[in-house]
Amino acid sequence: MEHLLEFARGPLFRLSFALMVLGLLRILALDLFELYRAYRQAGDKTVPWGKTTLKALEWLVPIRKVFVNRPVYSVFSILFHIGLLLVPIFLYAHVKLWQDDLGLPWLTLSYKWAYGLTLLTIITGLALIVGRIANRTSSFLSRKQDYLWPIALLIPFVTGFICAHLGVGPKAYQALMLIHILAGELIFVLMPFTKIAHCVLMPLSQYVAAVAWKFPPDTDDKVCTTLNKKGEPV
Amino acid sequence: MRTKRITPEERERAFKSLRKPDVEEKQRLHVRYHVEDFDVNDRPRRFLEAFAAILKHSNYRMALEHFIRMSAKCSRCAVSCQVYQATGDLKDIPCYRSELLLSVYRRHFTYGGMLKGRLLGDPGLTDEKIQEMAESFWNCTACRRCSIDCPSGIDHGLITHLGRYILSEIGIAPRALVVSTREQLEGATGNTSAIPVPALTDTLEFLEEDMLEEKQVEIKFPIDVEGSEYVFFPAVSDFLMEAETLMGIAAVFTATGDSWTTGTGYFDGINYGLFYSDRMLERIVKKIDAETRRLKGKKVLIGECGHASRSAKYFLPTYCGGKDAYPVINIMEYTYEVFKNGRLKLDPNIVTEKVAYHDPCNIARQGWIIDKPREILKAFCKNYVEMTPSGSNNICCGGGGGTVSIDEIRPYRTTIGGKLKADQIRRSGCHYLVAPCANCKKQLRELVEDQKIPVEVVGLHDLIYKAIIFDDSLKVKKIPAEAGTGEEGK
Numbered sequence: 586m587e588h589l590l591e592f593a594r595g596p597l598f599r600l601s602f603a604l605m606v607l608g609l610l611r612i613l614a615l616d617l618f619e620l621y622r623a624y625r626q627a628g629d630k631t632v633p634w635g636k637t638t639l640k641a642l643e644w645l646v647p648i649r650k651v652f653v654n655r656p657v658y659s660v661f662s663i664l665f666h667i668g669l670l671l672v673p674i675f676l677y678a679h680v681k682l683w684q685d686d687l688g689l690p691w692l693t694l695s696y697k698w699a700y701g702l703t704l705l706t707i708i709t710g711l712a713l714i715v716g717r718i719a720n721r722t723s724s725f726l727s728r729k730q731d732y733l734w735p736i737a738l739l740i741p742f743v744t745g746f747i748c749a750h751l752g753v754g755p756k757a758y759q760a761l762m763l764i765h766i767l768a769g770e771l772i773f774v775l776m777p778f779t780k781i782a783h784c785v786l787m788p789l790s791q792y793v794a795a796v797a798w799k800f801p802p803d804t805d806d807k808v809c810t811t812l813n814k815k816g817e818p819v
Numbered sequence: 058m059r060t061k062r063i064t065p066e067e068r069e070r071a072f073k074s075l076r077k078p079d080v081e082e083k084q085r086l087h088v089r090y091h092v093e094d095f096d097v098n099d100r101p102r103r104f105l106e107a108f109a110a111i112l113k114h115s116n117y118r119m120a121l122e123h124f125i126r127m128s129a130k131c132s133r134c135a136v137s138c139q140v141y142q143a144t145g146d147l148k149d150i151p152c153y154r155s156e157l158l159l160s161v162y163r164r165h166f167t168y169g170g171m172l173k174g175r176l177l178g179d180p181g182l183t184d185e186k187i188q189e190m191a192e193s194f195w196n197c198t199a200c201r202r203c204s205i206d207c208p209s210g211i212d213h214g215l216i217t218h219l220g221r222y223i224l225s226e227i228g229i230a231p232r233a234l235v236v237s238t239r240e241q242l243e244g245a246t247g248n249t250s251a252i253p254v255p256a257l258t259d260t261l262e263f264l265e266e267d268m269l270e271e272k273q274v275e276i277k278f279p280i281d282v283e284g285s286e287y288v289f290f291p292a293v294s295d296f297l298m299e300a301e302t303l304m305g306i307a308a309v310f311t312a313t314g315d316s317w318t319t320g321t322g323y324f325d326g327i328n329y330g331l332f333y334s335d336r337m338l339e340r341i342v343k344k345i346d347a348e349t350r351r352l353k354g355k356k357v358l359i360g361e362c363g364h365a366s367r368s369a370k371y372f373l374p375t376y377c378g379g380k381d382a383y384p385v386i387n388i389m390e391y392t393y394e395v396f397k398n399g400r401l402k403l404d405p406n407i408v409t410e411k412v413a414y415h416d417p418c419n420i421a422r423q424g425w426i427i428d429k430p431r432e433i434l435k436a437f438c439k440n441y442v443e444m445t446p447s448g449s450n451n452i453c454c455g456g457g458g459g460t461v462s463i464d465e466i467r468p469y470r471t472t473i474g475g476k477l478k479a480d481q482i483r484r485s486g487c488h489y490l491v492a493p494c495a496n497c498k499k500q501l502r503e504l505v506e507d508q509k510i511p512v513e514v515v516g517l518h519d520l521i522y523k524a525i526i527f528d529d530s531l532k533v534k535k536i537p538a539e540a541g542t543g544e545e546g547k
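Sequence lines, in order, name chains A and B. All the letters of the first sequence, read from the start, carry residue numbers 586 to 819 under our numbering. All the letters of the second sequence, read from the start, carry residue numbers 58 to 547 under our numbering.
Honestly, I wouldn't trust all of these hints.
Unchecked claim - Examples of chain B residues toward chain A, derived with CB under 7 Å:
no.	residue
1	Lys73
2	Asn116
3	Val136
4	Cys152
5	Leu242
6	Glu243
7	Glu339
8	Tyr376
9	Leu403
10	Pro405
Stated by the list, open to error - Over 12 Å on every C-beta distance to chain A, these chain B residues come out as not near it, computed from the model:
no.	residue
11	His87
12	Lys113
13	Gln241
14	Glu265
15	Lys277
16	Glu286
17	Glu432
18	Asn450
19	Glu465
20	Gly486
21	Lys509
For the record, the hints were derived by calculation from the structure and aren't laboratory data. Quick reminder that beta carbons are idealized off the backbone N, C-alpha and C, glycines included.
Modelling step: build the complete structure from the supplied sequences, incorporating the hints.
Given below as structure tokens:
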């Protein structure tokens, strides 16, 4: 078990982390490139950059949007995201893993904050799953991954919480820790290929929507030629 | 904002529109509006070919690539969609509608989708799915209110726009729109209402005589005046149905003395291409550019019409020279400027009834013109009331996205599409509902008629015409005998 743990914590972690970083960088770069290319070939280049940036910021920090539409869902979703971002990055036990090697200065969460935020993430995550099932419109729209993702994301939180805050025996601790690490690594690997890619694409959404309405010139002729419709009446 | 869902009886009435059984039979396409004749054979293949051709020559791929990774299926858009709020039908949720096209893109135009399709034996696009899209994309009024509330930034309006474009390439488009566009681009009259030039000039002369009699001022509609500051393109249907709006606009120009003209070469602001085909959008926009060039005008002036304004403002630069394209302004912007500068005077004692303002989606959604007409109205209407929500978050009239021109679906528009708007109008208790858009006016008139709301739907310039004060120097001392009555002028 210890070997397995070491393997999961060591090479497997580095591999999955690298896959995540490279995968996310790839889709971010592709998205940016496509955005740039669309802008380059647009006939009208007057994109309201300032207004679009404000809209993007408004959604990245969606305080003003919370109570406008589905307030309960929105509050839970925001709290879930806060925990989801803060705990893995600033948890002392996590920071220690790379700080020992790299020696980089890094902020860490206090015990109380880590405890509270982990609990908050678990509760809000469960509430979101229940809400998705219970809400008529959400459950109609949802795909498998919309249910599986919150569950997958909660596994490391639940196992981590049990290991850190609830007393378990050494064997159970090791087993839970292995699940904790492997689940985290699975999440890393899948992130670039699923809707979780929104973690890097989200800031670009408003720009994409704004530039998408900027069409290239002379497409009538080109589409007609491609579809062999030249000279066809309306 | 909560609304009562439609009753089962209302639903039946809404969907029991003027179906054309013979067409359905022939085309195997059960939609509520009449579509152009088209070849039904091998529809999925032709749909995918058209999709591929459009993706190749447009910027849509960028948006679709982004959107397929972003959709969180949170259903916030269901709350902002007036159609879903009225029907409660889950298939009317904007995100569901978008997914119809996104799933085709994912399956046929991404490596992952193609691989998954082969591994799992997914047959891909089917005729049934095309059928569903054909119906679904025209249930939407393309008001784009849902895009404001999407946390993922997905523009469902853009996806509907693209879906309609692809469908139109395989011949699935409302007959009303296609026939009008055909007349506009290839017909003898060159406009969507098929008004010949002599009929246009006669109408304008008649209106001039009317105005002389009513206002004792020689108010003119200049025709084909080269070198004018503004070349005027109203929704051409205004010449038939919105005389008061046109008279108000002419009166404003007479009061200010600025030069403007209507061209006989092309005088139609309507652009149904915005609703169903980018190819038509481009061709129609180019006609506006050509006519402005012919008349050596300096600016394009669009009348009271939301989609005409948007299609010219945002797509004239796209198709006609980028930043060198003619500047486009909406008549409300012009009127606001001259009003602010004190060149237009309005009598605050004429319009005493309760007045409310309806924002046309195509000019308000992006925050283009919201406060200007309100400032004008508040300045001379004693009893102005605001409808909420309004501005960029307004509720669509229910006839947006070209649906207003499809008479076969009037029961759908006035029972479902415009239900929230009808509730809003009723709550406002207004006497005059100002809707500065030809499409909104038609839809709202049908809506208040069908929903039995005692409201008069007018344009902004209809009220301005009532209240405008002319300088004494403009008043004619003696009305010419031949202009005595409108009837004689005829």
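Non-conforming hints, listed in increasing numerical order: 1, 9, 10, 12, 13, 18
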